[in-house]
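> Using the sequences provided together with the hints, build the complete structure.
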Amino acid sequence: MSNIHVTTTVNGDVMEFLCEPDESLMDALRDRLSLTGVKEGCGSGDCGACSVTVDGRLVCSCLVLAAEAEGCKITTVEGLAKGDKLHPLQQKFLEHAALQCGICTPGFLVASKALLDRNPNPTEHEIRYWLAGNLCRCTGYDKIVRAVVDAAAELRRTA
Amino acid sequence: MQDTAPKPATTPTRITGGVGDPSPHDSAHKHVAGTAIYTDDIPEPPGTLHIALGLSTRAHAEVLALDFSQVHAASGVVAVFTAADIPGRNDVSPIGKSDDPVFATGLVEHYGQSLFAVAATSMLAARRAARLADVIYKDKPAILTVDEAMDAKSFLSDPYTFGIGDPDAALAAAPHRLKGRVRMGGQEHFYLEGQVALAIPGEDGDVTVHSSTQHPTEIQHSVAHVLGLPFNAVTVEVRRMGGGFGGKETQGNLPAAVAALVAAKTGRPAKLRYDRDDDFEVTGKRHDFRIDYDVGFDAGGRILGITFEQAARCGMSFDLSMAICDRAMFHADNCYFLPNVRITSYRCKTNTVSNTAFRGFGGPQGMAGIERVMEAIAAKLGKDPLAVRRANFYAAKGKSAGSGRSLTPYHMEIEDCIIGELTDELVRTSGYEKRRAGIRAWNAKSPILKRGISLTPVKFGISFTNTLMNQAGALLHLYTDGSLHLNHGGTEMGQGLFQKVAQVVAEEFQCDLSNVKITATRTDKVPNTSPTAASSGSDLNGMAAREAARTIKMRLAEMLAVEAGTDVEAVRFIPGRIIAGRRTFTLPEAAALAHARRISLSSTGYYATPKIHWDRASGKGRPFFYFAYGAAVTESAIDTLTGENRMLRVDILHDAGRSLNPAIDLGQIEGGFIQGAGWLTTEELVWDGKGRLSTHAPSTYKIPACSDRPPVMNMSLWHGENSEDTIYRSKAVGEPPLMLGISALLALSDAVASVGGYAGDAALDAPATPERVLMAVQALKTRVAAG
Numbered sequence: 001m002s003n004i005h006v007t008t009t010v011n012g013d014v015m016e017f018l019c020e021p022d023e024s025l026m027d028a029l030r031d032r033l034s035l036t037g038v039k040e041g042c043g044s045g046d047c048g049a050c051s052v053t054v055d056g057r058l059v060c061s062c063l064v065l066a067a068e069a070e071g072c073k074i075t076t077v078e079g080l081a082k083g084d085k086l087h088p089l090q091q092k093f094l095e096h097a098a099l100q101c102g103i104c105t106p107g108f109l110v111a112s113k114a115l116l117d118r119n120p121n122p123t124e125h126e127i128r129y130w131l132a133g134n135l136c137r138c139t140g141y142d143k144i145v146r147a148v149v150d151a152a153a154e155l156r157r158t159a
Numbered sequence: 001m002q003d004t005a006p007k008p009a010t011t012p013t014r015i016t017g018g019v020g021d022p023s024p025h026d027s028a029h030k031h032v033a034g035t036a037i038y039t040d041d042i043p044e045p046p047g048t049l050h051i052a053l054g055l056s057t058r059a060h061a062e063v064l065a066l067d068f069s070q071v072h073a074a075s076g077v078v079a080v081f082t083a084a085d086i087p088g089r090n091d092v093s094p095i096g097k098s099d100d101p102v103f104a105t106g107l108v109e110h111y112g113q114s115l116f117a118v119a120a121t122s123m124l125a126a127r128r129a130a131r132l133a134d135v136i137y138k139d140k141p142a143i144l145t146v147d148e149a150m151d152a153k154s155f156l157s158d159p160y161t162f163g164i165g166d167p168d169a170a171l172a173a174a175p176h177r178l179k180g181r182v183r184m185g186g187q188e189h190f191y192l193e194g195q196v197a198l199a200i201p202g203e204d205g206d207v208t209v210h211s212s213t214q215h216p217t218e219i220q221h222s223v224a225h226v227l228g229l230p231f232n233a234v235t236v237e238v239r240r241m242g243g244g245f246g247g248k249e250t251q252g253n254l255p256a257a258v259a260a261l262v263a264a265k266t267g268r269p270a271k272l273r274y275d276r277d278d279d280f281e282v283t284g285k286r287h288d289f290r291i292d293y294d295v296g297f298d299a300g301g302r303i304l305g306i307t308f309e310q311a312a313r314c315g316m317s318f319d320l321s322m323a324i325c326d327r328a329m330f331h332a333d334n335c336y337f338l339p340n341v342r343i344t345s346y347r348c349k350t351n352t353v354s355n356t357a358f359r360g361f362g363g364p365q366g367m368a369g370i371e372r373v374m375e376a377i378a379a380k381l382g383k384d385p386l387a388v389r390r391a392n393f394y395a396a397k398g399k400s401a402g403s404g405r406s407l408t409p410y411h412m413e414i415e416d417c418i419i420g421e422l423t424d425e426l427v428r429t430s431g432y433e434k435r436r437a438g439i440r441a442w443n444a445k446s447p448i449l450k451r452g453i454s455l456t457p458v459k460f461g462i463s464f465t466n467t468l469m470n471q472a473g474a475l476l477h478l479y480t481d482g483s484l485h486l487n488h489g490g491t492e493m494g495q496g497l498f499q500k501v502a503q504v505v506a507e508e509f510q511c512d513l514s515n516v517k518i519t520a521t522r523t524d525k526v527p528n529t530s531p532t533a534a535s536s537g538s539d540l541n542g543m544a545a546r547e548a549a550r551t552i553k554m555r556l557a558e559m560l561a562v563e564a565g566t567d568v569e570a571v572r573f574i575p576g577r578i579i580a581g582r583r584t585f586t587l588p589e590a591a592a593l594a595h596a597r598r599i600s601l602s603s604t605g606y607y608a609t610p611k612i613h614w615d616r617a618s619g620k621g622r623p624f625f626y627f628a629y630g631a632a633v634t635e636s637a638i639d640t641l642t643g644e645n646r647m648l649r650v651d652i653l654h655d656a657g658r659s660l661n662p663a664i665d666l667g668q669i670e671g672g673f674i675q676g677a678g679w680l681t682t683e684e685l686v687w688d689g690k691g692r693l694s695t696h697a698p699s700t701y702k703i704p705a706c707s708d709r710p711p712v713m714n715m716s717l718w719h720g721e722n723s724e725d726t727i728y729r730s731k732a733v734g735e736p737p738l739m740l741g742i743s744a745l746l747a748l749s750d751a752v753a754s755v756g757g758y759a760g761d762a763a764l765d766a767p768a769t770p771e772r773v774l775m776a777v778q779a780l781k782t783r784v785a786a787g
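Sequences listed follow chains A and B, in order.
Read in order, the letters of the first sequence correspond to residues 1 to 159 in this note's numbering.
Read in order, the letters of the second sequence correspond to residues 1 to 787 in this note's numbering.
Everything labelled a hint here was simulated from the structure, so no lab data went into it.
Below 27 angstroms or equal to it, Euclidean Cα-Cα: the simulated BS3-like pairs (lysine-lysine) are:
1. B:K517 with A:K85
2. A:K73 with B:K30
3. B:K30 with A:K85
Across the chosen pairs, the derived CB separations fall in these ranges:
4. A:G12 with B:P12: 36 to 42 angstroms
5. B:E425 with A:E126: 32 to 38 angstroms
6. A:E124 with B:A173: 52 to 58 angstroms
7. A:G56 with B:D424: 49 to 55 angstroms
8. B:G438 with A:E126: 25 to 31 angstroms
9. A:L63 with B:G300: 56 to 62 angstroms
Some chain A residues judged to face chain B by a derived CB distance under 10 angstroms, without partners named:
10. C42
11. A98
12. L109
13. Y129
14. A132
Heads up, the beta-carbon is just placed ideally off N, CA and C, and yes, glycines get one too.
Take a look at the structure:
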């Protein structure tokens with residue numbers, strides 16, 4: 001099988017890579033672009049650790065083929081901060097101690113941002129169900145939900 | 001250097017990030033930025049080979065032939081390895097039993113057992129090829145369950161018993177008596193980062209292994225044994241794990257040994273990362289238990305005599321099952337004084353994966369057993385289970401001497417019991433009494449949906465019950481610019497250990513936490529370490545680090561006393577400064593001066609837990625340095641037509657002593673509770689009739705999700721300090737909160753009991769999945785209809 005040439009915009013930068021036809025977007029981001037903030041938890045779309053947005057849509061990158069990213073705009077956790085300044089979601093996760101081992105954290109942040117992009121003022125109930133596709137084994141989700149509520153309020157204040 | 005008197009106006013009154021400061025996890029910034037490096041994120045050296053294991057597809061069978069011709073022919077395959085390729089010992093057993101082969105030879109003893117390894121140029125190529133081997137088996141009869149093992153008397157070792165008093169006489173004389181059976185399922189760790197190891201060959205046959213492990217020293221030993229090397233030829237490093245929960249105490253041995261074998265044989269770096277489905281099949285889990293009890297009690301619900309028969313599914317090998325089953329026995333009493341008790345433990349050998357450590361290490365199973373007994377007694381007497389619990393609590397701290405109610409079944413006196421007052425406070429803050437009455441009134445009017453509430457206490461023994469493991473080492477360097485470099489034997493799996501130990505060092509030097517560099521755990525920095533397990537990480541490593549810090553501080557103090565012409569006792573470390581008589585130094589100044597005076601600025605530290613001893617043969621001793629306490633109130637609702645259920649509210653009060661870091665400790669409590677609730681409610685391991693695990697991915701094995709979080713979670717730390725001299729009087733907090741989750745099971749049980757008008761015990765087994773809740777409801781309805 002011959003490799004496929006893909007041109008895509010990742011975190012605002014135009015990037016090119018070669019990938020296998022059956023290679024997942026997750027593997028391409030991690031192995032070819034060194035974006036190891038994208039994590040593999042299950043490889044079957046059940047845990048959300050590999051969450052990224054493709055043209056604004058929240059996806060599990062383990063279930064997307066790298067070749068499908070041609071011409072798309074992709075955002076990973078590495079694209080949330082502006083330089084050294086953390087995104088309010090990142091800052092609130094940090095302040096609320098909404099993380100322990102940290103390996104699910106990138107997926108939660110990307111998923112939370114996708115929620116707030118479409119609904120800047122979600123209820124706690126909406127947050128809990130939106131994030132039900134992201135598994136965390138360390139926390140009890142309590143501080144994660146509080147961090148998202150707090151970040152949403154901050155974003156509304158500064159919008 | 002300045003020769004000036006201290007200036008209070010410019011001296012900070014408190015350092016940033018000292019002991020007790022709720023500062024964020026040391027890696028929090030890296031976690032949210034996505035820059036934290038886990039083992040699989042380490043850039044692969046050029047030429048790295050990827051490995052996949054070939055796994056048994058039989059539970060118990062002779063292996064007659066292995067044909068790899070299709071494997072070798074597959075794309076990307078470099079080599080195949082079997083037991084014949086192992087230069088040293090074909091064993092990764094953690095306790096030297098030689099019953100955990102790297103690659104099975106001749107006989108497979110569980111479905112998913114490792115048979116061979118394929119090394120290929122990519123992960124996908126290796127995994128695909130590993131499925132292509134042609135294995136000829138000759139099936140043997142398989143024992144899969146506890147019941148089958150008990151019937152066949154298939155045990156790893158002889159049953160083990162301890163106790164106090166005369167339970168048989170007490171049972172015969174008791175005014176009330178109940179017998180029952182409690183079943184509880186196992187639990188998959190589901191650390192979000194699966195097992196992974198990267199081995200890099202070095203000079204002279206040496207090897208460095210990056211492993212996601214709670215026990216680097218054991219990885220070192222396993223690799224050395226398999227490769228036939230001395231320990232000093234193997235270096236193991238782990239900076240952080242993506243969760244451990246006990247699942248990386250011994251289960252990392254196999255992937256590390258295989259990666260090292262491939263690296264040694266090929267001369268190329270080699271990585272083995274289990275696919276999630278393989279991880280489920282290859283690695284051990286929490287032991288499922290069957291517990292039979294026979295209890296005699298008085299009209300007040302006070303236990304007079306009791307026997308427990310605990311049967312645990314250990315799987316095909318020892319692993320840590322002996323210590324786990326012992327700990328289940330040590331926690332069969334939970335918070336309750338049992339004047340006449342006999343606990344017997346059966347360690348069942350089955351043709352399933354060898355079960356292993358999981359947060360609580362058998363304690364949760366033992367504890368769930370007696371909590372179900374409390375419930376049964378309460379149902380029999382028509383009392384609130386809380387009243388029965390209170391009637392049976394151990395004598396309170398300060399009142400234990402002469403009380404006659406402080407001796408455990410293993411002959412240790414409980415001197416620090418605070419569960420009574422802790423429960424009283426939680427009852428008050430949670431509004432338990434009023435809410436319980438309200439729920440009963442609500443249930444009377446609600447025909448379909450029913451609510452339940454339960455308060456359960458926790459007393460968890462802290463220390464490894466294998467006394468020799470209660471030791472730790474640390475290594476601390478002070479550089480001439482005043483910055484500190486900290487290393488110790490503990491590992492970081494998200495629990496915040498590195499942060500807590502660094503806070504201890506910052507507190508000792510009275511410098512800001514940012515001045516203390518946290519570094520990866522490595523076997524060449526601190527040798528011969530114990531696993532980060534048994535909740536002991538901060539107790540042991542915090543103390544070791546403090547010893548190292550105090551050694552360096554003493555050297556500085558002696559030097560500064562000479563410099564300032566004062567006594568060493570007159571040297572004080574205050575926030576940001578060191579005062580020596582009339583002179584003041586900064587830490588960088590003192591460090592540079594010490595170097596100029598040719599004084600060592602590096603030290604090891606060592607700690608061994610005092611007071612503990614345990615004689616297994618007589619069943620007597622003091623296996624635990626102290627106990628950690630806690631209690632939880634859970635309110636849940638069930639749908640009696642479908643069994644669907646959810647938690648509505650949780651109130652927790654937990655004892656972490658004088659907390660080293662309240663933010664981190666509250667995180668442990670929150671996460672522990674949810675993990676315990678998951679074990680007992682949603683998480684169900686299902687094996688098919690051939691011994692294959694059917695629930696081998698998160699699509700079918702359900703850990704709690706964000707939507708399962710109770711809408712109301714109130715969590716508080718108990719205000720009290722450890723009565724034993726632990727690190728800054730804190731208490732271990734890793735495992736104990738998991739057992740708070742027992743209240744989630746018993747809240748469902750209370751809701752089910754409402755169906756029968758609270759006339760009987762719901763006897764809800766775990767995990768209380770919707771199916772099991774529905775069956776319990778139906779059983780109760782049938783019982784009520786039958787009168």
